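Peer 1: The residues making up each chain are set out below.
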Amino acid sequence: MTQLTFARAINAGLRKSLENDSKVVLLGEDIGALGGVFRVTDGLQKDFGTHRVVDTPLAESAIVGTAVGLAYRGYRPVLEIQFDGFIYPAFDQIVSQVAKLHYRTRGAVKMPITIRVPFGGGIGSPEHHSESPEAYFTHTSGLRVVAVSNPQDAYTVIQQAISCDDPVLYFEPKRRYHDKGEVDESAALASALPMDKARVLTEGTDATLVAYGPLVKTALDAAAAAADEGISLEVIDLRSLAPVDYDAVVASVRKTGRLVVTHEAGQSGGLGAEVAASITERCFYHLEAAPVRVTGFDIPYPYSKLEMHHLPGLDRILDGVDRALGRPNSLSGLEG
Amino acid sequence: MSTDETGHGGAITPENAGASTAAGQEFLQLITPAGERISHPEFDSWVRDITDEQLCSLFEDMTVIRRIDVEATALQRQGELALWPPLLGQEAAQIGSGRAMRADDFVFSSYRENGVAYCRGVDLTDLLRVWRGNASGGWDPYGINMATPQIIIGAQTLHATGYAMGIQNDGADAVAVTYFGDGATSEGDVNEAMVFAASFQAPVVFFCTNNHWAISEPVGLQSHIHLAERATGFGIPSLRVDGNDVLAVMAATRLALDRARRGGGPTFIEAVTYRMGPHTTADDPTRYRDANELEDWAAKDPISRLASLLDRKGLLTAELQQQVQDKADSVAAEMRRGCTTMPDPEPMDVFKHVYSTPNSWLERQQDHYARYLASFGDPAGAVSEEGAR
Ligand SMILES: Cc1ncc(C[n+]2csc(CCOP(=O)(O)OP(=O)(O)O)c2C)c(N)n1
Chain H
1 MTQLTFARAI NAGLRKSLEN DSKVVLLGED IGALGGVFRV TDGLQKDFGT HRVVDTPLAE
61 SAIVGTAVGL AYRGYRPVLE IQFDGFIYPA FDQIVSQVAK LHYRTRGAVK MPITIRVPFG
121 GGIGSPEHHS ESPEAYFTHT SGLRVVAVSN PQDAYTVIQQ AISCDDPVLY FEPKRRYHDK
181 GEVDESAALA SALPMDKARV LTEGTDATLV AYGPLVKTAL DAAAAAADEG ISLEVIDLRS
241 LAPVDYDAVV ASVRKTGRLV VTHEAGQSGG LGAEVAASIT ERCFYHLEAA PVRVTGFDIP
301 YPYSKLEMHH LPGLDRILDG VDRALGRPNS LSGLEG
Chain X
1001 MSTDETGHGG AITPENAGAS TAAGQEFLQL ITPAGERISH PEFDSWVRDI TDEQLCSLFE
1061 DMTVIRRIDV EATALQRQGE LALWPPLLGQ EAAQIGSGRA MRADDFVFSS YRENGVAYCR
1121 GVDLTDLLRV WRGNASGGWD PYGINMATPQ IIIGAQTLHA TGYAMGIQND GADAVAVTYF
1181 GDGATSEGDV NEAMVFAASF QAPVVFFCTN NHWAISEPVG LQSHIHLAER ATGFGIPSLR
1241 VDGNDVLAVM AATRLALDRA RRGGGPTFIE AVTYRMGPHT TADDPTRYRD ANELEDWAAK
1301 DPISRLASLL DRKGLLTAEL QQQVQDKADS VAAEMRRGCT TMPDPEPMDV FKHVYSTPNS
1361 WLERQQDHYA RYLASFGDPA GAVSEEGAR
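From first to last, the protein sequence lines are chains H and X. In this text, residue positions in the first sequence follow our numbering: the first is 1, and each later residue adds one. In this text, residue positions in the second sequence follow our numbering: the first is 1001, and each later residue adds one.
Careful: at least some of the hints might be erroneous.
Cross-link-like lysine to any residue pairs, in silico, SDA-like; alpha carbons within 20 Å at most [claimed, not checked]:
{"#": "1", "chain 1": "H", "residue 1": "K46", "chain 2": "H", "residue 2": "L18"}
{"#": "2", "chain 1": "H", "residue 1": "K305", "chain 2": "X", "residue 2": "L1221"}
{"#": "3", "chain 1": "X", "residue 1": "K1352", "chain 2": "H", "residue 2": "P300"}
{"#": "4", "chain 1": "H", "residue 1": "K305", "chain 2": "X", "residue 2": "L1083"}
{"#": "5", "chain 1": "H", "residue 1": "K110", "chain 2": "H", "residue 2": "V68"}
{"#": "6", "chain 1": "H", "residue 1": "K305", "chain 2": "X", "residue 2": "R1077"}
{"#": "7", "chain 1": "H", "residue 1": "K197", "chain 2": "H", "residue 2": "S278"}
{"#": "8", "chain 1": "H", "residue 1": "K305", "chain 2": "X", "residue 2": "G1079"}
{"#": "9", "chain 1": "H", "residue 1": "K46", "chain 2": "X", "residue 2": "R1287"}
{"#": "10", "chain 1": "H", "residue 1": "K46", "chain 2": "X", "residue 2": "H1159"}
{"#": "11", "chain 1": "H", "residue 1": "K305", "chain 2": "X", "residue 2": "H1353"}
{"#": "12", "chain 1": "H", "residue 1": "K23", "chain 2": "H", "residue 2": "G43"}
If you are wondering where the hints come from, they were derived from the structure by calculation, not from laboratory data. In this text, all values refer to a predicted model and were calculated from it rather than measured experimentally.
Construct the entire structure; sequences and hints are all you get.
Peer 2: Below you can see the structure in the form of structure tokens.
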């Protein structure tokens, strides 16, 4: 076991993948000498060379589009998109090409492309640096989407993503990059929890609280605070956003009868809506209250002085829990 | 002269430019690094009207924007700004082009053109709003005929081209000017902008500030030929100018603006300069950049170059220096005051301007959040930084 920051854990996972498979190549802007703007690829170009760790020109569509060609040629490209808001120039390549080539070629062509995206807010950045674009991709069939929430998972899941034959969008919660955690670098990948499975982090009986990425820590803090008030929350780290491990959520909601989903992305068309609808379909007779969403607002990500109002914090999550439990809350007395 | 850091050598003549740089020259230059005014048969005419007094005023502008830049960097270090993108070293490129424009021309820039915004008459407090985290846009674009700075690399070149197509439709003689970096020339948007501009012969000037670096990536990674040469492939005449020479930049920009006004279509200008500071205050150039390179470029400093020229002309008097210093001091003080006294935005401002007309969908979220804040009794203090973590 070693203590690693989130960023170092991803770095260690990338290093392991580069060592284990000569077909793994990294591409992105500033990932070489600089080690990426968040230093996630620090030292990798020095150790693996400029053909394995490639600084690309400033062209996101080209980063993804050339990865398609590399994959055709048998490579396993791992791409870094510098910030969430810069993925859109590559959107067409991702949703029209990367996602569909396996289907289009009736399985003849594999697209083992991993796209790393630092995402989410809370770091006081200007526009385009704090977005949560995951729903655009979960809406696109053929893509796998994961969001990691702790250094151990970050280390393991990046390797699982790289060795997966499907394209994977790997979302990294940038405001957690400096958080430290225990990482077991020796554990066999084969024995690790598959990346498409959710994980129950705290067992509880009163309500199920579903989170992913940056809000997992907030959800755990909320559960601890709720416990002080005698409320027992079961926190689930979704981990995989596409496909969603509904069996895990269903099992939990059958037990608790109540569901709260939280994410930073805006509410409309977000993943929380999908989870709430699916659970309502599958657990209608087990639910004791309507599922509750605690999310960002349906607004462009706000300037940094106000981002704490947009991001669901511990108190807003607890307010949502109160709603699900029918306890006094900020919306008490309101109808519909 | 070792201006060509790309290692791709070779003199560039601005084909189709209606004027060419002198044989053997890397780029158009009217003032040498030593401050000597050299004449150029075709380009001299574009700055012939510049009086001694105007030269002094260009010197003042460059000094002031450097001072603004240094002050903003200090404000960032003091925690008053969240981030700042320094323009240190790019003063001649910004002032030379900024002072060439007319009030009815319209600028679409990147985040680094604070000196151009100064030329457009931006209110200094407005300049800082975005970087303090108080707003998504610092000013009303129509107030100074300059769009709010673009962060998505290269996107603004398309906007400029579209604006120029509008000018053309209207039969006006204004020009759209777009600023972008060397790295930006690799983006699809910039290339598509050049396709449209050439196809429609739109009155747009592509002003590429080649400051040699795109964060950690040297310009040689973006292109194997001079950036100015790329434009000719799109059918757009181009000019490569010494970006640390304020007169050369001004001459080239005036030529390009004039061509656009007279229906001659787009022009691409590559201003060869150097980013002396970090990419932003969050960047650490020592990880990727050789200190010697910085020294070489410091010797070509645009401001001391103009100062040397003024000195040769006997214009760099103690009085002038004092006057310029006073102006820089007062502008910096004004900006600092504007920054530190800027009121914080109100929580409910997050819901403003999402749509031009209200809709019940968002109003409901707004209402719910207002109730949430009210449930704490003290709306202002209710949501702490920690609450969001
Ligand atoms: C589409 C997009 N990709 C990546 C970035 C991140 N980024 C911000 S500035 C920058 C370098 C830009 O270099 P250049 O165009 O040369 O302009 P300079 O900053 O040097 O003036 C990068 C990669 C971005 N803002 N937008």
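Peer 1: Indicate, hint by hint, whether the structure satisfies it.
Peer 2: Now for the hints, and whether the structure bears them out:
1. H:K46 x H:L18: Given pair K46 of chain H, L18 of chain H holds - Cα atoms ~13 Å apart, limit 20 Å.
2. H:K305 x X:L1221: violated (36 Å)
3. X:K1352 x H:P300: Since the Cα atoms of K1352 of chain X and P300 of chain H sit roughly 10 Å apart, the hinted pair holds (cutoff 20 Å).
4. H:K305 x X:L1083: holds (13 Å)
5. H:K110 x H:V68: holds (9 Å)
6. H:K305 x X:R1077: Holds, at roughly 17 Å.
7. H:K197 x H:S278: holds (17 Å)
8. H:K305 x X:G1079: Between K305 of chain H and G1079 of chain X the Cα gap is close to 13 Å, so the pair holds against 20 Å.
9. H:K46 x X:R1287: Answer holds: K46 of chain H to R1287 of chain X is near 13 Å, not above 20 Å.
10. H:K46 x X:H1159: violated (40 Å)
11. H:K305 x X:H1353: Judged against 20 Å, a Cα distance of about 17 Å means the pair holds.
12. H:K23 x H:G43: holds (19 Å)
Hint compliance for this structure: hints 2, 10 are broken, all remaining hints hold.
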